[in-house]
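S.K.: Assembling the complex is the task here: the two chains are given apart, and the hints tell you how they should meet.
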Amino acid sequence: MAKLTHLPLLALASMLTACKPAQVADSSENGVFKSVSQTSQGLKQTNKNYEMKFPLDHGAHPEFGIEWWYLTANLVGSDGKDYGLQWTLFRIANPEGKTTLWNNNQSFMAHSSVHGPEQSWFEQKFARGNVGTSGVSIQPFNAFIDDWVFNASSSSLIPASLQFSIESDLVANLQLSTEKPLVLHGDNGYSEKFYAQDGVESPASYYYSQPYIEVSGQLALPDKTIEVSGDAWFDHEWTSQVLPENTSGWDWFALHLSKNSKLMLARVRHDTQADHWIGTYISDDGNVFPLTSSDIKAKVNKTEEVEGRNLPLNWSISVERFGVDLETKPMKVNQWVPGLVAYYEGAIEFNGTHTGKGFMELTGY
Amino acid sequence: MQLTEWRSLLRLSWYSYKHAFFPLLFVLLAMLAASSGFTTVLKINQTAKNSYQSANQYLVSGVYFRIESRHSDQPLTKLDYATLRRDGFTKLVPILRSSQRISQKDDANPRRIELVGIDIFALPASSFIQMSEGNGSSNNADPIPPFWQSPFSLIAHENLRDFLSTESTWFLTNGNELPQIHYIETQELANELILDIGALQSLLEVEHLTELLVVGNLNKAEQSQLEAALPAHLKLSSFRSGDDAQQLTGSFHLNLLAMGILMFVVCMFVVMNALHLLIQRRINHFRICRQLGIGRQQLFLSLAIEWIVVSIVMGLLGALLGSFLAQQLTPSVNQTLQGLYGVRVTYSTASYWQYAGITVTANVLGTLCALSLPLSQLNATLAKIRNSRGFVFRQQHHVWFIAAILLAIGAYLVAVSTQGLFFGFVVVALVLFCGCSLLIYFLPILLKGLFKLVPKSKVMLSWSLADSVGLSRSSKIACCAFFIAIATNVGMNLMIDSFRNATEQWLQQRLTANYYLYSEDPKEFFAALSNSNLDVRVVPRQTLLADFGDAKVRLNSYPTDELYQDALAFEHSQESPWPGFVAGTHIFISQQTANHFDLSLGDKVIVSATFPSQKKPKLFERTVAAIYYDYGNTEKQMLLPQQVFDKSVESRLYALHVKPEDRERFDNWYQSIIPLNNTNVVGIEQLLITSMQTFDRTFIITGSLNIVTLAVAAISLITSFLLINQGSAATHSLIRSLGIPNLKLSIWILFQYSLIILLSCLMAIPFGIILSWLLINFINVQAFGWSYPMILSSISVFKLASASVGLLVIAMLIPTYIRAKKPILKELKWLS
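In the order they appear, the protein sequences are chains A and B.
Its first residue numbered 6, the first sequence is counted upward by one per residue in my numbering.
Its first residue numbered 306, the second sequence is counted upward by one per residue in my numbering.
The shape of chain B in the complex, shown without the other chains (with noise of 0.2 Å):
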């Protein structure tokens, strides 16, 4: 073809955007939501695995373990670290790590934020040159200012200077004046404010350390050799590894890339939809220009090209928005990770660049893919003579349902044979695909079945009903799209529903205390507590890492008082466990533990735990009485009761018992003591409340892309029938000749379409069900390795499938306008 043919097609392309707006604006806008959500999940999931891998603890790249006092009365010093530099375990760096409540003059709400003061000395020599050298420590970082000598000042991530607004300066509880913050962008640091450790000492006013951080990986000669060196108060551990961090948070990451992947999916339904639309616009033109000698081929070349370019504009536009969602999501994803899996996760400072060519490269394929079926139409019409109907889809209805067994069939089979989390969102894909078919067999039966049911004297609706049937065939790709919006968001909204409320009845039955109390160092809140004259009974929760097997599990301390008992939810229990609980023959595992190692009532343990007051492991021989509810425990945790635990175990939980008559002046004596360093009381009511808000949190992402992937649905929907109106011009003109208003006719459209988004809502239902079923039993057993009761609320159900409808349906006016504004006489056109 000659380059001026080439032109004047890309020319008729271009002239005919403007008689096809809303089309165009639908494949852009498609186009732009699939890239920018891909764009979206693959930045926050890349910049959760670069964390990991970089095992990076504030500032210092590579940390596998850290060196800590084994109890809060021997603390970990200079001394110690002086000394063990000195020894020639050199690669130490101190932290001193606190979490203060800070705020601002007159301010009501004080913040609490992690205030950790780090040495630079002590990094490595290149880190440390670059520091001093007032570089990033990474690449793509900011200049990191000297924040480690006098006049000190403190250094956050950029993220957080609307969490800190920097108008005023910030006090700690004991008065003492926070130094400036200087915001920088580095993938270092995560929700923290680091300082000169020794600066934060004469802030906090102590001069204990928290931990030393061991730089880079340790062999078992060079663990044994510095556990051999360390003074008997001090202890080696190690980090969550980037594999552990990775696998832990496996499923989240997966969670968040399915529907990610599925938002890019359900828009390049959009995308085919509306270039159908937009295809069928242009109609006429490629007539003209087939009657001038361009052949199919060169014309397909030519869409072809011209969409490959917008995929393009609009896959770079996508990831740079994604990007924008991407950098403004992270703190809560961020603070979701540490909550619940106990993984620090640092800042992203990717490169727009590293996510915009996977982007552009998906944007382009999925529209070659979405552009296939337009185009094979396309051949369709051109090749006919004369083209009376429009775009219509190929009739082959049986073919539907027996793909629709075979899927469910394929479902049953991967969920019985197989194990593992990837699989589970295969058989998740398996029976939604099944409800497509389902959906696409089924829908012109019931519409059918519809039409026969009503008496053929009122006209308009036996007219309405046997169109419909035509309708639905047509908008198949549509309802799909819908029909996998409404039935995901069933299902992911049935399972959130039974998380949240089988979180918050475990939450009320195990808090049983009325305050708790988390500190590091009590000693001072007990002394100060002693002197008050409140009779509060305290229970200390103490906890001790043991040996199960190659494993490790946590054993916990829990009192036997029936207080306890109650509060104790169990998924499987023996008949009366507590007895052998008490005497010291049985022991409770959590689920995921039961789950994990296979374990079940009845079976033997055997766990090997050290005690800081003993030499020798001490081993616990005991038989599973019990499998208790944990959720949201990543640990595989085994309880004991308290009277097992020495003093020297270590306790960071403190339950405070205190009388309901003596609450306020609990609260009054608890405010006069808040300058207390590292101690922080919750009462149980701020507690559930804190807790409700992190679970909520937790959901937020998920619940933000069900939305983004109904609205999504709606282009899809709002598209589809856009393109069938074309196609039905000539039997609406047909109507309207008969005497049948304009806007009568369509209010018949809108019932039509009302009734198909009401048909497949009603389908989508039951395979929401079946989904959450799924992810609560399936799924989420292999993720965490514990499930919870299925809550079927069937209010919740109709309120989301009524409000779903209810949208749609407003939706639908979109195509039911655009159709009544035609004049007659461009509906008249058809007939000619």
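Excised from the complex, chain A in its bound form (with noise of 0.2 Å):
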């Protein structure tokens, strides 16, 4: 099951849901993300049999609309304290405009945000593709916007480093490494995204992760360096489907339930119809189990207003099937992420059945 909040075509206009609809239509007609709330005409499409290959599929597809590439980390200072890291990197293709030497109809979008207990840190970027300012190679792989690059140290998506700065205020340098192998959700990388209904599909995805990531580095303040440490969940995502009419959001948790054991979950908000979640369980021993809404129970134990909007932070999460059962959260209260596409995104800690930290991202509130 796909990570709904990184799906622009899906995602960025719903992700805009805070503002109202004809707020969403002014923004992305005038904006630099047209393609996002128009149809996914002249893009390729979604298919069911499509059979992922790596190192291939590391890279971009520039054929689809949108398409991301997602670091979460849940980190452990030098100092004592916890931090929790994200590093993003979203193409976006227009393939209705004319190109040029400065254009080529891909555009990116690159958001980092590092939250400590007492302070945080975001900042934005944007890019045009065809200009040399950013991209995606994968031989070896290479995702970059001007100096926020994740670069591995071959066609592996891992080991690799990742750095970038946020304004001149911290620089993160980070070292990733793993043995285990990627996992694809869904139907062997094809993730449905709500019902399918009236005859028609449900929009899906490609998408796969890799949550077992351990990381080491350091992050540079201006008074002192911290030196990190501990686990992230990368995700790869593309596609050029839109979610059905009247979603307004959603919710998603990458939750690290032991070293082998990892949970995805998410939820599709409707206003009309029932939520849908979808989800992934991996076990000890490997294995990735798909789920779906019957398989998940969850309840939001506590709101809070962050920055005007109220959230849903505390959750309690069961999955039966696999003896889960958890309260999760917030490491701190404001993790909102303040971009051009605002969203909470923010590390959380859980116990229960299970104790430990992961990551969630809310939209469209």
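Treat the hints as calculated values from the structure; they're not laboratory data.
We put the beta carbon where it would ideally sit given N, CA and C, even for glycine.
Be careful, since some hints might not be right.
[Claimed, not checked] Below are the EDC-like pairs computed for lysine to aspartate or glutamate, each with C-alpha atoms no more than 20 Å apart in a straight line: (1) A/LYS103 <-> B/GLU463; (2) A/LYS103 <-> B/GLU419; (3) A/LYS103 <-> B/GLU482; (4) A/LYS337 <-> A/ASP62; (5) A/LYS307 <-> A/ASP280; (6) B/LYS525 <-> A/GLU172.
[Said to hold, decoys possible] Here's a subset of chain B near chain A, in silico, CB distances under 10 Å, partners left out: (7) PRO380; (8) LYS383; (9) THR395; (10) PHE426; (11) ALA427; (12) ALA430; (13) PHE433; (14) GLN454; (15) PHE457; (16) GLN506; (17) GLU512; (18) TRP658; (19) ILE750; (20) LEU751; (21) LEU755.
M.R.: This is the structure:
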């Protein structure tokens, strides 16, 4: 099941749901990400029978409307404090435009955010394809925008390094490693997002993750450098399809249940129909189990106001089939990402049948 | 006082207006002129100041540095830009700029405009988001349309709408069609068309960039870090900072403000005179009010309230008119500032209320000042049991002479003991006030002298001259306004004439070639020229920034052959300056360089410059052999022989010497290669015309303000004479009762007015000449660092004086006519 927040064609328009519908239309018509709210004409569509190939599929798929490479990490610093880190590179296609030396109809947007107990750092960047300031290559794997670089040492995704700076306030320099395989969500990477209805198939994306990343490195602040280490989760997803009308947003969780066991859950909220849950459970022995609405029981325990929005920050989540029963709470309340597309993306911790950390994303609030 | 009494007083004022239409009109017009003129200069100056401070460059604020290529052979490219951004220099915005001729189909008059290509994705995220969401990048700005995405479009400031009519499509000289133009109001734009950088590259069929703007200021360490990261063919240079630009253009703005204040003050003279007249018309009402028990203080308070309200209303209207005028004048002011000082000035979107507050305050204060004298006269009048003579100013003549001497001494002391432009204007003001004092002192004496010269048998002439003495005393404030207007007109005109003459002569001497080529990349041009069979001598004018102590100076190449030796005009030079210059022992420096660094002939200078072909700076140790004129240039320049400069030194200007018999062939050939990008060849004749047109445009506002000041002075005199006419009614009725026809009397009264105007004008002329001398040799040196020979053209002064006097005499027909149509019965009333 896909990490719904990262679906700009599904997503960016909906991620703007804090705005009124008219504002969304205005914004997308005039805006850089013009294609996002438009139909997917001229773009390649997802296919159930598609078979992912690596390292090819680590790279960009410019024939699809939207794509992202997404890393979230739960880190502990040498100062004993917890840090939540996010780095994302979005690619958006606009196939209708005329190309020039500065525009191949591909745009990039990137977000970097770090949340410590007392401080938060965030920056966003924009670039166009064909300029040389952003892009993704696969031999070796390299995803970059300006000097923000996810750089693998080979065509394998990991091991890799991640470097970025947020204004002149923070420089992150991280080493990523793993021995574990990639996880394909949904049906071998074909991830359906909603109910199929009226003879129309559910919108879907191609979606895989690397949830087993071990991180070490430094966060350099103006007055000190903090050594950090922890667990990271990497997602790569691409599609050209839009979510159904009246979708109001989604809630997404990536939970490190243990060293080997991982859980991804997501709920698509709909104004007039029942919410739709999807997920993936990865067991200790590495087996991958797609989850459906019937597998997942979730309840909001507490909402809090963040940046003028009432957000469900504390949850009870259970997946009885795999003996999971958890209560989650955010590492800190305000982990709002105030970007062009604004949403909540923050580190959480949980206890119950499992104790651990993870990430939660809330959009459309 | 009771409310009903207040209401009665104010109603009385209101009803009196219909009996005093002209004075009321003069007051209103004067207030409108004062406040609109004041707002206009305030807004123009504030716009420029805001623009300098925002360090705005093409939609990007806070730009102090740029990266550009050292030489056109190796231009800045997209790869250079991307490499620098990937190296961590992320606050760079790529720009492609090109001055292009654009035309419409079958258009015989192509226009030249600057096209600017920008990548908005490179902007700081906050600016990018604002723009991508269709918002202006600043407050009070129109939304910016998505010009960067297909279908591409251009954006231009609303003020360019008239310049670029939108009815049909514009084409570049290469035949490519310009996209649709959107006009917006935003303070980020100046006189340019903005479009997407990729779209502009496609249109121009080029791949290079002009510059990378560096967003945000850099400290020394950051500068060094960036310079170290630049490849050898790129360099970091700074824009003029806001403070530099403000300092550089300070004289221009101060001049404008001084003219605005002068106009305001002269307008307040009119207000004062017209208020005198209005109050005089109401004198009987005031007497009745007094008899009804209303105190003088209440009367004065009601008058003050009345005029404060009127001044607020007129101030608001004036601010509205001034804002409109400023908006209309801004394009030419911006062009002037860009041409003169090389600073980019954007348009303003400042709100009306910003200026209305200041203007209304100034108008209210000015009106209260203007009201104080009429009120004190009214006080004196109401204190008298009977007022038979109206208002007569007290006569203490010797005080004015003493004041004139003191003001002259003050002006001299300020001139010799202070430096700076502000004190320059103080000297000018003191000189003008000195002139006014002398005028007040001498005008009645001169008229008395004339009276004594006239035989007593000439009864009407004798009476007219004798009466003029009193008339001159009563109208002294209006005469002073006229005196100031004439003196400033003569002074400014002589200065402008001298400057124009000096510039024209200097240009004619300096321009040796018959064509000049301006090009950032002339390779294609010279390749075409070499294939043309034309015999053209090309002289590049190379230029390099150099260090002179802690300051920067520009080193320019100068050919040393006889033709160019004759072309260089020196202010001062050693005997035979050229041999040393050619031999490399001597240097020529511009007049402003000499003034700025206090250098004179024979001084040693050491200049250090890094040639692009060399890694280490080269030292030039030279003796100053000559100081040359370099009008209009704000940079400090020095000249070195052509042979000192190697080919690596940049040149964007080339003198093309075409044989006279080949000019037609050259013109035809050039027409055939016009589509070449970034190439502009201008013939000497056109260059002279354009230069002088630019010159004239520069002074158009000053000229307009002079004319307005003169017109306002005329109104001041009219109101003053209308007022005096009322006081002279008894005399006039007596003369008419002696059998003198009304027409004849009117002609003699007009003669009186004309005589006072003529004498005031004659007295103003010497002060105008002094003013001109001060402007050229004092103010100009303080402001620009150069001066020029003053040309005292008696014909020009005569023309100006006679035109001013003529216009004023014609204007005086108004008070003469108003008096003449007054029935004798009305005048006889005064005898009762």
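S.K.: The structure should be examined with respect to each hint, and the outcome stated for every one.
M.R.: Hint check results:
no.	hint	verdict
1	A/LYS103 <-> B/GLU463	violated (27 Å)
2	A/LYS103 <-> B/GLU419	violated (24 Å)
3	A/LYS103 <-> B/GLU482	holds (15 Å)
4	A/LYS337 <-> A/ASP62	violated (35 Å)
5	A/LYS307 <-> A/ASP280	holds (18 Å)
6	B/LYS525 <-> A/GLU172	holds (19 Å)
7	PRO380	violated (14 Å)
8	LYS383	holds (6 Å)
9	THR395	holds (5 Å)
10	PHE426	holds (5 Å)
11	ALA427	holds (8 Å)
12	ALA430	holds (5 Å)
13	PHE433	holds (5 Å)
14	GLN454	holds (6 Å)
15	PHE457	holds (7 Å)
16	GLN506	holds (5 Å)
17	GLU512	holds (6 Å)
18	TRP658	violated (29 Å)
19	ILE750	violated (76 Å)
20	LEU751	violated (73 Å)
21	LEU755	violated (77 Å)
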